[in-house]
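Participant: So the chains spell out like this:
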Amino acid sequence: MKTSNSYTAIAYMFLAPALILMGVLTFWPVGYNTYLAFQDYSIADGSATWNNFANFKYIAHEDLFWSALKNSLLYLLIVPVIQLAALVVAKMVNNKLPGMTLFRALFYIPVITSISIAGVVWANVYKYDGVLTWLLQSLGILHDQVNWLGEPSIALYMLMIFTFWKGIGYYMVLYLAGLQAIPAEVEEAAILDGANAFQRFWKITVPMVKPTILLCTLLSTIAAIKVYLEVIVLTKGQADTYTALYYVYDQAFRNYNFGRAAAAGVVVTFFCVLLAIVQFRMFGEEKK
Amino acid sequence: MALGKTARSVIGRTLHYAGLLLFAIFTAFPFIWALSVGLSQDPSNIWIFPRAFWPTDPSISWFIRVFHEMPFMTYLGNSALMSFWAVVGVTVVSVLAGYPLARLKFAGRNFIFVAIIATMMLPSEVALVPNFITMKHLGLLNTWTGAILPNIAGAFGIFLMRQAFEAVPQDLIDAARVDGATELQIMWRIMVPVCAPSIAALAIFTLVNEWNDYLWPSIVLNSKDKLPLAVGVFNDLTGPFATSTSLVMAAIVMTIIPVLIFFAFTQRYFVSGLDGAVK
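Top line first, the protein sequences correspond to chains L and A. Just so you know, we're using the UniProt record's numbering here: the first sequence kicks off at 1 and counts up by one. Just so you know, we're using the UniProt record's numbering here: the second sequence kicks off at 1 and counts up by one.
The hints are simulated quantities; they were obtained by calculation from the structure and are not laboratory data. A few of these clues could be false.
[Claimed, not checked] Here are the simulated BS3-like cross-link-like pairs (lysine-lysine), alpha carbons at most 30 Å apart as the crow flies: (1) A:Lys136 <-> L:Lys57; (2) L:Lys96 <-> L:Lys203; (3) A:Lys224 <-> L:Lys236; (4) L:Lys57 <-> L:Lys203; (5) A:Lys226 <-> L:Lys166; (6) L:Lys127 <-> L:Lys203; (7) L:Lys127 <-> L:Lys70; (8) L:Lys70 <-> L:Lys166; (9) L:Lys166 <-> L:Lys127; (10) L:Lys166 <-> A:Lys224; (11) A:Lys226 <-> L:Lys91; (12) L:Lys127 <-> L:Lys236; (13) L:Lys203 <-> A:Lys224; (14) L:Lys96 <-> A:Lys5; (15) L:Lys166 <-> L:Lys210; (16) L:Lys203 <-> L:Lys91; (17) A:Lys226 <-> L:Lys236; (18) A:Lys5 <-> L:Lys236.
[What the hints assert, rightly or not] Residues on chain A that point at chain L, a partial pick, calculated with CB under 10 Å: (19) Arg13; (20) Thr27; (21) Ala34; (22) Phe63; (23) Phe67; (24) Pro71; (25) Val93; (26) Glu125; (27) Ala127; (28) Trp144; (29) Leu149; (30) Ala167; (31) Pro169; (32) Leu184; (33) Phe234.
Note that beta-carbon positions come from the ideal geometry of N, C-alpha and C, so glycine has one too.
Kindly generate the complete structure, drawing on both the sequences and the hints.
Facilitator: Pasting the structure below:
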């Protein structure tokens, strides 16, 4: 038998590729980004000079950044909606009835479509004479044509619907994996006891997939706070759809102000960590 | 009881399928419309619903025009190459890192695992600017290596592999050690075959992700002949030359079809292989 020391050497040899890559491309950027947040960075010669919180002061007084932050937090509204829907859908396809594989695949198509490509199609869905307008008109809900992505009061919610459409299949698959771990006998016993479908869903399914629910909620909370690809492909930040990470992207690759982008990035990271802590707290309490 | 048991179960099943069908329409309608528009030689009906969901004067001429209007095959080849190397990279790195984290006792194990998992909570987009600067210093701007590298060492792959390796019975490993196998042999001869479904799921997941990656490649790559589909087609379709909706939709359908075919063949492995991630 080998000693634990020789395992340490082997373990680090195995871990080396991952640690080197993550070190350079994941851990270092977090540190360097924090450093950049306090600097004036010059793209031309790569020089950085300490600017004494000027970036933070600037964004703290900028309305654009505050509305971006507000929109990012507003986006959290999508989290409970998408989670409940994904669980219900997963429950509906988790059986041996014919055609379920096909339905699962259909629900997953948006997930395997590139967001840029899906965005081009949805821009047409949201056109003033597009599918959405037609649907609401023929249902008698709407009489005028609406430019869905151009109205500041609704455009952000339109992005949320797009996020819902794009993401629900992903969470459905995770819930499906969680549901398949529930023994069939549990549900059969409840049916014998006369529990109806709703009772079985709330009293059996939900408690038994709680670990998956928490994992998925955490993933979708972070995804919601980070949302900006939707903005890039659908509205370019117009009509009050500017989000916090879109601000980061815009400052970095359109304004070329890396320091200001970094400072905004630090603020977004702070919110991500904060929300993760809150959810882990809830998770911890649930366990007791 | 007013309704017999069979009657109720028939009603229940009908409602069940109706719900599924309604949801399938919601997820599929943009693609059905895009396909119908692409197939319509005559574009006069594409904004008239529900007529637009059925092709008018069907032909594949818009699809053929896509090849003339944009370097579609170049983009396709680029996507295939980038995805291939990303799959190889992610699989190798994640398997190697997952094994010691799951099965070897060594100093710093918990710390390293927590540090890796913690990166899943951070917005990776914050790394855009620093990674851009790093790639500039390494001379990797406008190279495929630069476009792929940040995706290779992902926490998700390492986590998935660790979960899979942890489920392997210890007896198998002990037996191999008694027989004098090295750790590399244990990993390669026992862990990899036993965990093949999870590795397949990771490979599929990575391929789809890389194929669809849009933002980072669009930042790193700037010459048109290096762009993958998700970036090239988007740029061409939203630029000043995108004059025809028919052409746009044909190109979109062509972009989606390869990944759809791939997924149709692999989705079985994908769903079952992800089991480990949620437990």
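Participant: Work down the list of hints and note, for each, if the structure agrees.
Facilitator: So, going through the hints one by one against the coordinates:
1. A:Lys136 <-> L:Lys57: Given pair A:Lys136, L:Lys57 holds - Cα atoms ~29 Å apart, limit 30 Å.
2. L:Lys96 <-> L:Lys203: Answer holds: L:Lys96 to L:Lys203 is near 22 Å, not above 30 Å.
3. A:Lys224 <-> L:Lys236: holds (22 Å)
4. L:Lys57 <-> L:Lys203: Not satisfied, since the Cα-Cα distance of roughly 50 Å exceeds 30 Å.
5. A:Lys226 <-> L:Lys166: holds (27 Å)
6. L:Lys127 <-> L:Lys203: violated (43 Å)
7. L:Lys127 <-> L:Lys70: holds (26 Å)
8. L:Lys70 <-> L:Lys166: Holds, at roughly 23 Å.
9. L:Lys166 <-> L:Lys127: holds (18 Å)
10. L:Lys166 <-> A:Lys224: holds (27 Å)
11. A:Lys226 <-> L:Lys91: Violated: A:Lys226 and L:Lys91 sit about 43 Å apart, past 30 Å.
12. L:Lys127 <-> L:Lys236: holds (15 Å)
13. L:Lys203 <-> A:Lys224: Violated, because 55 Å separates the two Cα atoms, which is more than 30 Å.
14. L:Lys96 <-> A:Lys5: holds (20 Å)
15. L:Lys166 <-> L:Lys210: Roughly 23 Å between the alpha carbons, so the hint for L:Lys166 and L:Lys210 holds.
16. L:Lys203 <-> L:Lys91: holds (14 Å)
17. A:Lys226 <-> L:Lys236: holds (24 Å)
18. A:Lys5 <-> L:Lys236: violated (55 Å)
19. Arg13: holds (8 Å)
20. Thr27: With a closest approach of 5 Å, the A:Thr27 hint holds.
21. Ala34: holds (5 Å)
22. Phe63: With a minimum Cβ separation of about 15 Å from chain L (threshold 10 Å), the hint on A:Phe63 is violated.
23. Phe67: Violated - the Cβ of A:Phe67 stays beyond 10 Å from chain L, reaching only about 17 Å at its closest.
24. Pro71: Violated: closest Cβ of chain L sits about 16 Å from A:Pro71, beyond 10 Å.
25. Val93: Because about 5 Å separates A:Val93 from the closest Cβ in chain L, which is inside the 10 Å limit, the hint holds.
26. Glu125: For A:Glu125, the interface hint holds, since the closest Cβ of chain L sits about 5 Å away, which is under 10 Å.
27. Ala127: holds (4 Å)
28. Trp144: With a closest approach of 15 Å, the A:Trp144 hint is violated.
29. Leu149: holds (6 Å)
30. Ala167: violated (12 Å)
31. Pro169: Interface hint status for A:Pro169: violated (19 Å vs cutoff 10 Å).
32. Leu184: holds (8 Å)
33. Phe234: With a minimum Cβ separation of about 4 Å from chain L (threshold 10 Å), the hint on A:Phe234 holds.
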